[in-house]
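J.: Below, each chain spelled out in residue letters.
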Amino acid sequence: MPKKDGSVVLEVKDLVVSYGAIKALKGISFTVKSGEIVTLIGANGAGKTTTLRTISGLLRAEEGHIFYMGDEITNKQPHKIVQMGITHVPEGRRIFPDLTVRENLEMGAWTLRDKKLKQDKMEAVFELFPRLKERQKQSAGTLSGGEQQMLAVGRALMTEAQLVLLDEPSMGLAPMLVEEIFKVITEINEEGKTILLVEQNAEMALQIADYAYVLEVGNITIEGDAKEVAANPKVKEAYLGA
Amino acid sequence: MGSIFNLQQIINGIQIGSIYALISIGYTLVYGIIQLINFAHGDFYMVGAYAAYFAVMFSAARKEHPNVLIVLLISMTAGAIVAFLSNRIAYRPLRYKPRLSALITAIGVSMFLEYTSSAIPAIGPSYRAFPQSALIPEHTYKIGHAILSNYQIVNMSVAVVLMVVLTYIVQYTRIGMAMRASAQDKDAARLMGIDIEYIIDFTFIIGGALAGAAGLLTGITYPRINPYMGIIPGLKAFIAAVLGGIGSVPGAMLGSYILGFSEVFGMAINSILGEGIAYAILILVLIFLPQGLLGKKTGEKV
Ligand SMILES: Nc1ncnc2c1ncn2[C@@H]1O[C@H](COP(=O)(O)OP(=O)(O)O)[C@@H](O)[C@H]1O
Ligand SMILES: [Mg+2]
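So the sequences go chain by chain: A and B.
Counting along the first sequence from 1, when you hit position 220 you're at 220 in our numbering, and nothing is skipped either side.
Counting along the second sequence from 1, when you hit position 7 you're at 7 in our numbering, and nothing is skipped either side.
Please note that the accuracy of each hint is not assured.
Said to hold, decoys possible - Keeping only pairs whose Cα atoms sit at most 30 Å apart, straight-line, the calculated DSS-like set for lysine-lysine is:
no.	chain 1	residue 1	chain 2	residue 2
1	A	26	A	76
2	A	4	A	137
3	A	115	B	186
4	A	13	A	137
5	A	121	A	80
6	A	80	A	23
7	A	23	B	97
8	A	236	A	80
9	B	97	A	26
10	A	137	A	118
11	A	13	B	186
12	B	186	A	76
13	A	236	A	26
14	A	80	B	142
15	A	26	A	13
16	A	193	A	236
17	A	137	B	296
18	A	137	A	115
19	B	97	A	118
20	A	80	A	4
21	A	23	B	296
22	A	121	A	137
23	B	186	B	63
24	A	121	B	186
25	B	63	A	80
26	B	97	B	186
27	A	137	B	186
28	A	76	A	133
29	B	186	A	193
30	A	116	B	97
31	A	183	A	23
32	A	26	B	186
33	A	133	B	97
34	A	13	A	33
35	A	133	B	296
36	A	137	A	76
37	A	76	B	97
38	A	227	A	193
39	A	133	A	193
In short, the hints are calculated from the structure, not lab data.
Required output: the full structure, derived from the provided sequences and hints.
T.: Put into structure tokens, the structure is as follows:
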């Protein structure tokens, strides 16, 4: 697994995305390097979800380019992007409520053809989230919010993806669960996955991230090593409640 | 004969219900996945009936005895092909456009299939007798006062087998799981790497094949076919799907049998009011259960 060797996994260049007449992203650029946790923080409505959905191909880029491992993926279809190695845990979890926990994980493995590999991935997910193993036959809609978030993350780990996009994984969770989910993100990263983490919970995100970008109404205004960004007075005032 | 709830009525109810069920499954599957009320779906059934008609006539002309299974496959394939093409040519280009456009297009596809069929000389606008006895010679059996024909047996058993196979596909196969996932959350399904258009194609093909089979089964039990034969059963199957809870496959089956039975019993009570009674039931059910019998209550899950 490529660790932090400085190679660029994801490059977003001058990205513009609109909803009708509203420009949600006004030409943002950023990079995510191999083995790192990069966080994109910003207030509600800043354009974080829009950014991730455009990378995944769910939204169309109006201008600009997105490269994954040097290949252009701008406006490719979502299923092609997943096959290339990007997995996305969407905002609000978006598990399949009427499928069982196990079926949800199998859907996560849609791109895997090898049965053995699929089985191994499932075991690994169950090891990471023992609760999911206990509840594998239950329909996912009956899980608690925290368990659903675990399932959403577990489902994304059923692929061979190198890059994991996480959209506000801590949203709506009790403080203890927030701790747990951030711990899991660190573990996933240590196992070799590169992570782009979108969060409103800037404090936690900056604690685990290597590098950070601040998004404000469609523009990136601040960037730097996560520690520097956390120490930035503007960031402290606006996002860290200090 | 005393009670109207006699064996004959039950047989007839199952038989009509089976036809509605095969059609209504396609409505519900397509609606479940793209929220389109595919008004052309009844016409896929008509195409299935004509495909069977031509297959039987062709064999008869060559003095061969047509094989029922092959004719069934032909009608299912014909239904699947028109369904697939309707989706690719008419619905897919409108996928992310306002829903009303797709709905109007569906009505357009329906009329196109009906008028084009009547304009084709080999089909024509008028009724044709379906050569059911060239396919299967008729036998009838008396059970008490009731009469059961082998046509009805074929009809009901083919329908049941197809519904079992369909249920198996939807519940236990990889693609069936993807159909269910896509119906629940299309964007999430795409993020799993599922090519949603492939799933939609597959859904149309399955729905069209079942409707095509219903066309053949109708041909052998009510042997008069014409290019407009799909309109009323199509509407009724749609109603059955709504009654059962649109989007739900077991709901579509349940709704279809309820509708079949209420029609038959309604007619037995009063042959003029008969069908009206069936629809009164429908309205009552929907007033108290707007989501249908097995449908999901709408409301976001947090
Ligand atoms: N489907 C949509 N239609 C119209 N505007 C949208 C839509 N989704 C998001 N927006 C707008 O785009 C901007 C960015 O939204 P979003 O990317 O969801 O922000 P964030 O994830 O940072 O909270 C907001 O102003 C929001 O109102
Ligand atoms: Mg968001």
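J.: Look at each hint and say if it fits the structure.
T.: Hints, verified against the model:
| no. | hint | verdict |
| --- | --- | --- |
| 1 | 26(A) with 76(A) | holds, 20 Å |
| 2 | 4(A) with 137(A) | violated, 38 Å |
| 3 | 115(A) with 186(B) | holds, 25 Å |
| 4 | 13(A) with 137(A) | violated, 43 Å |
| 5 | 121(A) with 80(A) | holds, 21 Å |
| 6 | 80(A) with 23(A) | holds, 26 Å |
| 7 | 23(A) with 97(B) | holds, 21 Å |
| 8 | 236(A) with 80(A) | violated, 39 Å |
| 9 | 97(B) with 26(A) | holds, 25 Å |
| 10 | 137(A) with 118(A) | holds, 17 Å |
| 11 | 13(A) with 186(B) | holds, 28 Å |
| 12 | 186(B) with 76(A) | holds, 17 Å |
| 13 | 236(A) with 26(A) | holds, 24 Å |
| 14 | 80(A) with 142(B) | violated, 61 Å |
| 15 | 26(A) with 13(A) | holds, 11 Å |
| 16 | 193(A) with 236(A) | holds, 29 Å |
| 17 | 137(A) with 296(B) | holds, 20 Å |
| 18 | 137(A) with 115(A) | holds, 19 Å |
| 19 | 97(B) with 118(A) | violated, 37 Å |
| 20 | 80(A) with 4(A) | holds, 26 Å |
| 21 | 23(A) with 296(B) | violated, 36 Å |
| 22 | 121(A) with 137(A) | holds, 17 Å |
| 23 | 186(B) with 63(B) | violated, 51 Å |
| 24 | 121(A) with 186(B) | holds, 24 Å |
| 25 | 63(B) with 80(A) | violated, 53 Å |
| 26 | 97(B) with 186(B) | holds, 16 Å |
| 27 | 137(A) with 186(B) | holds, 23 Å |
| 28 | 76(A) with 133(A) | violated, 34 Å |
| 29 | 186(B) with 193(A) | holds, 26 Å |
| 30 | 116(A) with 97(B) | violated, 41 Å |
| 31 | 183(A) with 23(A) | violated, 35 Å |
| 32 | 26(A) with 186(B) | holds, 27 Å |
| 33 | 133(A) with 97(B) | violated, 41 Å |
| 34 | 13(A) with 33(A) | holds, 14 Å |
| 35 | 133(A) with 296(B) | holds, 27 Å |
| 36 | 137(A) with 76(A) | violated, 35 Å |
| 37 | 76(A) with 97(B) | holds, 20 Å |
| 38 | 227(A) with 193(A) | holds, 21 Å |
| 39 | 133(A) with 193(A) | holds, 22 Å |
Going down the numbered hints, you'll see the structure goes against 2, 4, 8, 14, 19, 21, 23, 25, 28, 30, 31, 33, 36, while the others check out.
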